[in-house]
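With the hints as extra help, turn the sequences into a complete structure.
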Amino acid sequence: MATIFIILVAIALATSLFLLKDISQVLISSLREKADISVYFKEETREEEILDVKEEISKLPEIMEVKYISKNQALESFTERHREDPVLIESLEEVGENPFLAALNIKAWEASQYGVISRFLEHPSFENLIEKVDYYQRKPVIEKIFSLTSMANKAGIFLAAILVVVAVLVTFNTIRLAIYNSREEIKIQRLVGAGNWFIRGPFLVQGLISGFFAALICLLIFSITSWFISPKIEFFFPGFNLFSLFAKNLWILFLIQLISGILLGIISSALAIRKYLKV
Amino acid sequence: MIRFENITKIYPGRKGNPPIVALENVSFEVKEKEFVSIVGRSGAGKTTLLKLFLVEEKPTQGQIFFDGIDVHKIKPAKLPQLRRKIGAVFQDYKLLSQKTAYENIAYVMEAIGASDEEIARDAAAVLEIVGLTDRANNFLAELSGGERQRVAIARALIHRPQVILADEPTGNLDPYHALDIIRLLLKIQEMGTTVILATHNKEIINSLGKRVISLEKGRVIRDEEKGRFIL
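Quick note, the sequences are listed as chains A and B, same order.
Under the numbering used here, the residue at position 54 of the first sequence is numbered 54, and the numbers go up by one with no gaps.
Under the numbering used here, the residue at position 59 of the second sequence is numbered 59, and the numbers go up by one with no gaps.
If you're looking for bench data, these hints aren't it; they were derived computationally from the structure.
There could be a bad hint or two in this list.
The calculated DSSO-like cross-link candidates involving lysine-lysine, where the alpha carbons are at most 27 angstroms apart (straight line), are [claimed, not checked]:
id, chain 1, residue 1, chain 2, residue 2
1, B, 58, A, 278
2, B, 187, B, 94
3, B, 226, B, 202
4, A, 278, B, 210
5, B, 31, B, 78
6, B, 94, A, 278
7, B, 51, A, 278
8, A, 59, A, 132
9, B, 94, A, 54
10, B, 15, B, 31
11, B, 33, B, 73
12, B, 226, B, 187
13, A, 187, B, 99
14, B, 78, A, 187
15, B, 202, A, 187
16, B, 187, A, 278
17, A, 278, B, 99
18, B, 99, B, 31
19, B, 58, B, 226
20, B, 75, A, 278
21, A, 187, B, 226
22, A, 275, B, 33
23, B, 99, A, 275
24, B, 78, A, 275
25, A, 275, B, 75
26, A, 21, B, 33
See below:
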C-alpha cells in the first residue's frame, strides 16, 4: 500500500514534468512571438517596391515570417488601439493626413538572427527606400525575452529532474524496507532449495502490481485536477487549455506512467532482493 | 558419499574478543545409506558442521565433498540443486511464519516444480507420518513447539532427499514423540536415505546402536560403529 503511494508520487512528478514541458513551450512561444523588428519605408516608396523587398527578405533562411503593413493599416490599428484616448485621436486629426509609414514586420527564428537581418536591410541598395530599421531600439528587449525564456525552460527541467531522482530514490528505499522485512523468509527459501527466480517471482509481481495501480491512480488524479483547474488557467493564458492538452496526450501519458511505474516497481524489487539471495 | 576433509571454521571475535574456533581439523566420511549421529555438548560444533555442509556458511579451511563435488565451489545459482538433494531439519525450525503447516511443507515441492496432484498427495502422506493431519491448515503461530518441530521434519522429508540433516530434531519433543521421530528417521534410513543426526539426547543415542561421532571443542574425539554417548 505504501509502495503504491510512493510510486504514485514518483510517476506523478514525471507526468507533471511532461505536462510542464508542454505548458512552458506554449508560454515561451507566445512570448517569443512578441519579439520582432519593423522596417519603415520612406514616404515616397511605392507599394510594389515594398512588396519586392518583402519577397527578397522572405528568401532569407533566418526569417520566420514577414508581414506587410500599409500606411492605412498602420493608421487603423493605431486608432483602434487608442480609441479610448481622445487626446491622441484629436492630435491625429490635427495632423490632417496619415502620418504613419508603411512597414514590414519581420520575425526571425532566433534572437541572434535579428542582427543579420538588420545588417542585410542596411545594404546600400535599400538605402533610398528605407527610412529606418527599428532594431537597435529594441535589441535589448528582444535579447532579454529570449534569454529569459530559455533560462526558465532550463531551470524548470533541471528542477523537475531533481525531483524525479529524489522520488525514485524514495521509492527504491520503501521497497527495500519492505523486502528487508522478508529477509528471513528469503533465506529459509534458499536453504530448502528454492531457486532464485522462484523466490524473486512474487516480489517482482508485487512490484509490478504496485506500479500498475500507481499509474492508474495517477491518471485518475491528473484527469480530475486538469478538468477542474483548466478553466482557471485558460483565464490567465487565453488559448491554452490544459485539459485538452491532457486529453490529446492521454494515451502517451498513460503509457509513460504505466511503464515508469512498473519499471520502478520491478527494478527496485529486483535490486533490493539481490542482497538476500546470497545465502 | 559425503566427505569432510580437514574442516576448520573460525568465527572472528567481535570488539577485541578472541576469535572462536568452532571446528578444528575435522575429517570423516559418511557412506551412502548410513545413519550417523553427531554428539557433543552445546557449542561443540555440531550445528556449524551441518551449516557448512548446507553451504549456509563457508569453512575457514578444508573441503566438503558430496558425490565427489566440492560443495563450496558450487555457484550460488546452482546451490538450490544441491540443497534439493538434502532435507534439513533446523534447530530453530526455519519455518515460514506467515504460512500454514500445509503450505510450509507444500512450498518445497512447489520450488522443485512438482505438480499440484503430487504435492497434495505427498503433503498429506508426510503430515500423516508426523501425525499432524488435523493441524494442516493451522498457521505456525497456532502450533506448539513440538508441533512446529514435526512440521520442520515433514518439510525435510517431503521431497525424498538423498540425505537428511537433522539438527536436534527431538529437542522440543516429549519422550514419546521423540522416540517416534527417531523411529521415523530409522525407517527413512532403511528405505535408502542417508541420515546425519546431531543431538545431545543420551537415551536415544544409546538405544540406537549406530555409528556415533563425538565432538568436543570443535574436534572429533571419537568415531565408532555402534557407538554410545560418552563425554
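Agreement of residue 75 (chain B) and residue 278 (chain A) with the hint, judged by alpha carbon distance not exceeding 27 angstroms: 10 angstroms, holds
Proposed proximity, residue 54 (chain A) with residue 94 (chain B) (alpha carbon, max 27 angstroms): 87 angstroms, violated
Pairwise hint evaluation, residue 73 (chain B) against residue 33 (chain B), where the allowed Cα distance is 27 angstroms at most: 25 angstroms, holds
Holds or violated: residue 278 (chain A) to residue 210 (chain B), with C-alpha atoms at most 27 angstroms apart: Between residue 278 (chain A) and residue 210 (chain B) the Cα gap is close to 36 angstroms, so the pair fails against 27 angstroms, i.e. violated.
Hint consistency between residue 58 (chain B) and residue 278 (chain A) [alpha-carbon to alpha-carbon, up to 27 angstroms]: With Cα atoms ~12 angstroms apart, residue 58 (chain B) and residue 278 (chain A) stay inside 27 angstroms; holds.
Straight-line alpha-carbon gap residue 187 (chain B) to residue 94 (chain B), limit 27 angstroms: Given pair residue 187 (chain B), residue 94 (chain B) holds - Cα atoms ~24 angstroms apart, limit 27 angstroms.
Proposed proximity, residue 275 (chain A) with residue 78 (chain B) (alpha carbon, max 27 angstroms): Within the cut-off at roughly 17 angstroms; holds.
Hinted pair residue 31 (chain B) and residue 78 (chain B), Cα distance within 27 angstroms: 24 angstroms, holds
Restraint check for residue 275 (chain A) with residue 33 (chain B), where alpha carbons must lie at most 27 angstroms apart: Violated - the C-alpha atoms of residue 33 (chain B) and residue 275 (chain A) are around 36 angstroms apart, more than 27 angstroms.
Pair hint residue 59 (chain A) and residue 132 (chain A), alpha-carbon separation not exceeding 27 angstroms: It holds: about 21 angstroms lies between the C-alpha atoms, which stays within 27 angstroms.
Proposed proximity, residue 278 (chain A) with residue 94 (chain B) (alpha carbon, max 27 angstroms): Cα-Cα ~17 angstroms, so holds.
Pairwise hint evaluation, residue 278 (chain A) against residue 51 (chain B), where the allowed Cα distance is 27 angstroms at most: Satisfied, since the Cα-Cα distance of roughly 15 angstroms is no more than 27 angstroms.
This entry does not satisfy hints 4, 9, 10, 15, 16, 18, 19, 21, 22 and 26, going by the numbered hints stated previously.
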